[in-house]
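Between the sequences and the hints, there should be enough to build the whole structure, so can you do that?
Going down the list, the sequences are from chains A and B.
Quick note: the first sequence, position 119, residue 119 per this note's numbering, numbers continuous.
Whatever position you read off the second sequence (first residue = 1), add 1000 for this note's numbering.
Because the hints were derived from the structure by calculation, they are not lab data.
Accuracy of the hints is not assured; some may be wrong.
[To be verified] These stretches of chain B come out as covered by chain A in the derived footprint (C-beta under 8 Å, 3 or more residues):
1. 1175–1181
2. 1246–1259
3. 1283–1294
[Stated by the list, open to error] Computed beta-carbon distance windows for the label pairs:
4. A:Cys76 / B:Asn1184: 23 to 31 Å
5. A:Leu231 / B:Thr1054: 53 to 61 Å
6. A:Asn410 / B:Phe1216: 22 to 30 Å
7. B:Leu1240 / A:Gly94: 34 to 42 Å
The beta-carbon is built from N, C-alpha and C at its ideal position, and this holds for glycine as well.
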Amino acid sequence: MFKYIAKRIGQSALILLLGSLLLYVLVINAGDPLEDLRESNDPNRENLIRQRSANMGLDLPWYVRYLTWLRGVGGCFVGRCDLGTSRDGQAVTGLVAQAAGATLRLVIIATIAAIVIGITLGIVSAVRQYSAFDYGVTLMAFVFFSLPVFWFAVLLKHYAAIQFNDWLPNGRISLPTILITAGILGLILAAALGGSWRRRLVTFAVMFVSVTGILFYMDQVEWLRRPAVGLPVYILAVIGLGILVIVMTSGFQNPRVRNAVGATALIAIIGYAVVRPTLMTERTDPETFSTANWILFGCLFAAVLLAILAGQLLGGFSRRQATSASVTTALFASVLAFTDLMLSHWSGYLAVMPRPIPTIAAETPNFYSTYWNHMIDTATHLILPTVALTAISIAAYTRYTRASMLDVLNQDYIRTARSKGIAERKVITRHALRNSLIPIATIVAFDFAGLIGGAVITETVFGWQGMGDLFRVGLNNVDPAPVMGFFLVTATAAVLMNLLADLVYAILDPRITG
Amino acid sequence: MSDNTNPTQPVQPEADQYSVEDVIDQTTDKSYSQGQLVLRRFLRHKAAMVALITLILIIILAFTSIGYGPIPGWWDKDYLTTSTVQNGGAPTLSLWPFQIGEHPFGQDTIGKDYFAMVMRGTQVSLFIAFTVGIIATFLGTAIGAIAGYYRGITESLLMRVTDLFIIIPALVLAAVFGRTFGSNVPMLAVMLGVISWTGLARLVRGEVLSLREREFVAAARAIGTPSPTIIRRHVLPNALGTIVVNATLLISSAILTETAISFLGFGVRAPDTSLGLLIQTYQNALTTRPWLFWWPGIFILGIALCVNFIGDGLRDAFDPRQSMD
Chain A
1 MFKYIAKRIG
11 QSALILLLGS
21 LLLYVLVINA
31 GDPLEDLRES
41 NDPNRENLIR
51 QRSANMGLDL
61 PWYVRYLTWL
71 RGVGGCFVGR
81 CDLGTSRDGQ
91 AVTGLVAQAA
101 GATLRLVIIA
111 TIAAIVIGIT
121 LGIVSAVRQY
131 SAFDYGVTLM
141 AFVFFSLPVF
151 WFAVLLKHYA
161 AIQFNDWLPN
171 GRISLPTILI
181 TAGILGLILA
191 AALGGSWRRR
201 LVTFAVMFVS
211 VTGILFYMDQ
221 VEWLRRPAVG
231 LPVYILAVIG
241 LGILVIVMTS
251 GFQNPRVRNA
261 VGATALIAII
271 GYAVVRPTLM
281 TERTDPETFS
291 TANWILFGCL
301 FAAVLLAILA
311 GQLLGGFSRR
321 QATSASVTTA
331 LFASVLAFTD
341 LMLSHWSGYL
351 AVMPRPIPTI
361 AAETPNFYST
371 YWNHMIDTAT
381 HLILPTVALT
391 AISIAAYTRY
401 TRASMLDVLN
411 QDYIRTARSK
421 GIAERKVITR
431 HALRNSLIPI
441 ATIVAFDFAG
451 LIGGAVITET
461 VFGWQGMGDL
471 FRVGLNNVDP
481 APVMGFFLVT
491 ATAAVLMNLL
501 ADLVYAILDP
511 RITG
Chain B
1001 MSDNTNPTQP
1011 VQPEADQYSV
1021 EDVIDQTTDK
1031 SYSQGQLVLR
1041 RFLRHKAAMV
1051 ALITLILIII
1061 LAFTSIGYGP
1071 IPGWWDKDYL
1081 TTSTVQNGGA
1091 PTLSLWPFQI
1101 GEHPFGQDTI
1111 GKDYFAMVMR
1121 GTQVSLFIAF
1131 TVGIIATFLG
1141 TAIGAIAGYY
1151 RGITESLLMR
1161 VTDLFIIIPA
1171 LVLAAVFGRT
1181 FGSNVPMLAV
1191 MLGVISWTGL
1201 ARLVRGEVLS
1211 LREREFVAAA
1221 RAIGTPSPTI
1231 IRRHVLPNAL
1241 GTIVVNATLL
1251 ISSAILTETA
1261 ISFLGFGVRA
1271 PDTSLGLLIQ
1281 TYQNALTTRP
1291 WLFWWPGIFI
1301 LGIALCVNFI
1311 GDGLRDAFDP
1321 RQSMD
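Right, here's the structure in full:
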């Protein structure tokens, strides 16, 4: 395995080198870097042209410029990164360091969201092939597949941000809205769960009544302005999560997995009850923000560690499955805890920011506030670009998962599993799912490249000062250094993603080793 | 549970059974060639037929209304002439009572007829998309077939180039070429075609890799058929399904790529126009002049959706597991 990874890294490094050469040559030949100066009427024009030519090395042959750039990049291996200077003399290394965080956060969250939602939708629509749900998902996938991301992003900006912000301060959820929302959600769930007409009717009724109740409650207590979650709701949510994970993995018959997941859920609840007051404390000094970040990371790390421990100790002979189930539980429980913390600070945030969903920039400039307000600020800035990117990417994952799941479900070993009396749920989660995910792993790498392209566009629409901006402005100025800075970060991320996909591939399919 | 778990359901007919049922229509005793079968299945795919008709209508509308090049169209305005803005430039199109009016899609901020501009944008986008589709299909098929059949250097070269495209997103390369050739639409289309072939080449290679081991290829080789002829006559016709389906997908992704780079400002430049450029120009007009934003977007969505549905219909038509009805 180690040899395999080393070989892959070596190949990737070579490809990166080739790619950088190609892109460098293409960019410096993409236009005239002095265009704006040639057209200007500045009396100092000749001087400015000479200055920029010297600054960018325009008089040097292309390979000298490339090698100079490459030498600077090579400095990264000895700790002195120099990605060159932009046309205006700014050091690109600093620009990249500022921009990379925002963009990678966006792309990685969108990738994960698209994978999780897309695969779930794909599996359900494959299991319910030719049902109303399947047709609905297929149609939606086609629409999103054909949707220009920038157009969708502008629509989101208008309807999900500006109009929502207008509505929020004193908006009410009207009765027709409640009933229609509940009706639609009920229909979707009934179509997804399927079964006999009687069962569908029951599903619909349960969903309809509960959604109506929840929305009515949210309207009455003005939940969207003063959301309250708190520990009791968290406990219920984690219990529900544990049950869901058990049902999805082994079912309740296996006491080992059941105990491991139960123990993890219990640890999560107790742990969260203990650390919640610490996490809730208001920090206003920006100096302490990184401490708070580390505490959060520490909690996540501890949760995963304890989950692995629970799985290993209580798993018995189904140790492997128990461990993965408890780690899943721990991860989702952490996400729930994080959501709870965010929501608890939401009304405080609204007091500072009455229009919470922003349409521009990656964070509010010159925003001095508490730790959690900064957290919420970053999150609200992320929402719309992430939704735009995810929506486009979900479509492909849904289609591929559906096709691959249908392929697997038609194979002989699935028929064997069914004929020996295994419950359909188990056939799907234990026998079919894993094999149907194998082809998906290869798509992730290609899709990641597509998402980076999409991120360039969404960043433009939402006015982020991210990598996309660096690329766009750099290319427009025929300025290779920022473009290459963009390339270095996104290409390295793509290579790592590709490597990760290969590793997942090897884990999913034991026949592939080295 | 779904029907395929029902144990009483009869077993699906096996491969050789369906071919007998399919090839000979039992009512008329007429037999069909493979091509006729595919065509019949495609013509019966309702969504694909609706999409095909819609796409043809869009193409006819775009090219006859304002004409193309020196050929005049039936619409009396063009996309460059400005006139006085009437009624704030609001669209005069209404469905009930039906009327087209002076400016069915409205006017832009300086009084140009927006219908003519959208039609011009559609023309440019369609032209680029189909050019990209043709070039990329040709290159992808040729390179994929050579790589899969001869293996060796071509194959490893192809795989390395594909790796390259994983790290340089297609949109980034397209934008770089757009910056270089943006004012020259045919050149831009050719360059986009030149960078779009890798996906198809990989698929064709995979197909050819399995086809070259089949008996009929061995037989052709045994009687001394030269390799290029084997590829042309025996291998590629069997990979036609993959090629045709992916050609349509190439076209729909080319539409989206072209509009995206035009939106970023690296594609088609003013005074010429494209659907992406129109959206970029009027992206802040959604509150004040919404029609300037909606029309080009609807046309992009419509074209891409139609092409994708046609591709889906073709995929089903080429899939031998599909039955006739």
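Status of each hint after checking the structure:
{"no.": "1", "hint": "1175–1181", "verdict": "holds (count 5)"}
{"no.": "2", "hint": "1246–1259", "verdict": "holds (count 3)"}
{"no.": "3", "hint": "1283–1294", "verdict": "holds (count 4)"}
{"no.": "4", "hint": "A:Cys76 / B:Asn1184: 23 to 31 Å", "verdict": "38 Å, violated"}
{"no.": "5", "hint": "A:Leu231 / B:Thr1054: 53 to 61 Å", "verdict": "55 Å, holds"}
{"no.": "6", "hint": "A:Asn410 / B:Phe1216: 22 to 30 Å", "verdict": "27 Å, holds"}
{"no.": "7", "hint": "B:Leu1240 / A:Gly94: 34 to 42 Å", "verdict": "54 Å, violated"}
In the structure shown, a violation is registered for the earlier hints numbered 4, 7, in ascending order.
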